[in-house]
Amino acid sequence: MRDDIHWPPEWPRALDARFGIPVAGGYRACAEDFVVEECLDFAPEGQGEHLWLWVEKRNAATSDVARQLALQCEVGSRDIGYAGMKDRVAVTRQWFSVHLPGREAPEDLVEGLTERGFKVLNMTRHPRKLKRGVHRGNRFTLRLNGAVTQDESLEQRWQAIVAEGVPNYFGPQRFGSDGRNLFRARDLLARGWRKRDDREGMLLSAARSFLFNAQLAERLVAGQWRTVLNGDVMMLDGTQSMFAVEAQDSELQQRLISGDIHPTAVLWGQGGSRAMGDAEQLEQKALACWPGLCNGLERAAVKASRRALRVRPSEGLLQRDADGVTLEFTLPSGAFATAVLRELMSHPTLDFDTLPDARAAEQGMNGEPQ
1 MRDDIHWPPE WPRALDARFG IPVAGGYRAC AEDFVVEECL DFAPEGQGEH LWLWVEKRNA
61 ATSDVARQLA LQCEVGSRDI GYAGMKDRVA VTRQWFSVHL PGREAPEDLV EGLTERGFKV
121 LNMTRHPRKL KRGVHRGNRF TLRLNGAVTQ DESLEQRWQA IVAEGVPNYF GPQRFGSDGR
181 NLFRARDLLA RGWRKRDDRE GMLLSAARSF LFNAQLAERL VAGQWRTVLN GDVMMLDGTQ
241 SMFAVEAQDS ELQQRLISGD IHPTAVLWGQ GGSRAMGDAE QLEQKALACW PGLCNGLERA
301 AVKASRRALR VRPSEGLLQR DADGVTLEFT LPSGAFATAV LRELMSHPTL DFDTLPDARA
361 AEQGMNGEPQ
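Counting with the UniProt record's numbering, you get residues 1 to 370 for the letters of the sequence shown.
One thing to keep in mind: the hints can contain errors.
In the DSS-like style, the derived pairs of lysine-lysine whose C-alpha atoms are separated by at most 25 angstroms in a straight line are [to be verified]:
1. LYS285 <-> LYS303
2. LYS119 <-> LYS131
3. LYS129 <-> LYS119
4. LYS303 <-> LYS131
5. LYS195 <-> LYS131
6. LYS303 <-> LYS195
The hints are simulated quantities; they were obtained by calculation from the structure and are not laboratory data.
Produce the complete structure using the sequences and hints provided.
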């Protein structure tokens with residue numbers, strides 16, 4: 001069955017009822033307006049079989065750095081590790097690892113990377129490869145421009161975001177320009193997914209992300225995206241630990257308000273949803289519209305998992321100056337800065353209308369495809 005997907009989707013924002021539709025604005029006018037720094041919970045040990053490099057890149061993909069490292073170190077792509085994909089049109093700093101057992105790094109490694117515009121800020125050793133998704137999160141420094149910088153309600157919106165969080169939507173980067181990755185995913189899943197047609201799992205990720213966003217939108221419409229429901233599966237803040245709610249109570253709701261726990265929705269696959277009761281009914285209401293995507297993901301043997309419906313930026317700062325507004329905040333791995341920006345201002349890319357350049361951002365930004 002070919003699910004009837006309309007693009008762009010009309011997924012609601014959380015703050016419109018309180019503040020109205022946000023004022024138009026701009027972001028990412030240049031790479032320096034979008035700075036991302038990876039945050040780990042540990043430091044390399046200084047010894048081991050893997051060479052770790054702390055690399056700054058500008059207007060380049062994470063995969064570009066990985067390929068260059070493999071080429072210069074004469075290793076295969078599987079010998080290169082990184083925690084997550086970072087934006088292309090941005091200045092980003094992140095760790096990479098190269099498996100070099102019993103070998104020193106090539107003498108011209110730093111020089112070769114520098115020639116291609118990649119700056120090596122630190123280089124050390126560690127016993128293990130850098131695995132996907134092990135980073136705690138990402139620190140963003142974003143520069144806004146346009147009419148939004150004169151919006152008198154901007155500070156109020158920002159305070160509400162920091163206090164209450166935002167809907168944890170997968171960003172438009174996940175779906176490609178004009179939703180093309182999603183349409184490709186739909187057609188591939190209808191035929192039967194094969195790894196040779198989707199080697200990096202990008203299309204599987206697009207389908208699962210779309211279904212998650214649809215469930216989140218359903219909870220927003222119902223006014224229950226920040227409410228504990230009977231049958232909810234809650235996630236502890238800052239972890240992947242979850243527990244089921246048999247019956248809602250005031251203590252659980254207070255923990256949600258404080259940011260200690262978050263409701264979740266299913267990332268569809270084999271095994272289905274762990275939710276029950278009222279929470280399951282809302283999930284099924286959203287998923288019933290997309291039987292082709294759901295069935296195709298099950299046939300592709302993707303294992304079901306869950307993702308928090310809400311994300312709260314931490315260490316948030318908003319600063320005005322004569323030329324614009326600067327935002328600083330940290331998000332956990334897998335969360336999208338565009339989900340924060342979408343609640344602050346209007347911009348075509350934030351409402352999934354289009355991407356200014358199909359190369360503007362990589363799939364799986366700020367975390368592994370799920």
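To see whether the hints hold, each was checked on the structure:
1. Under the criterion of a C-alpha separation no larger than 25 angstroms, the hint pairing LYS285 with LYS303 is consistent with the structure, at around 21 angstroms.
2. Pair hint LYS119 plus LYS131 holds up; C-alpha atoms about 22 angstroms apart against a cutoff of 25 angstroms.
3. With a C-alpha separation of about 21 angstroms, the suggested pair LYS129 and LYS119 falls inside the 25 angstroms cut-off, and the hint holds.
4. Restraint check for LYS303 and LYS131: the C-alpha separation of about 19 angstroms stays at or below 25 angstroms, so the hint holds.
5. Among the hinted pairs, LYS195 with LYS131 is consistent with the structure: their alpha-carbon atoms are about 21 angstroms apart, no more than 25 angstroms.
6. Simply put, LYS303 and LYS195 have alpha-carbon atoms about 15 angstroms apart, close enough for the 25 angstroms limit, and the pair holds.
When held up to the earlier numbered hints, the structure conflicts with none and fits them all.
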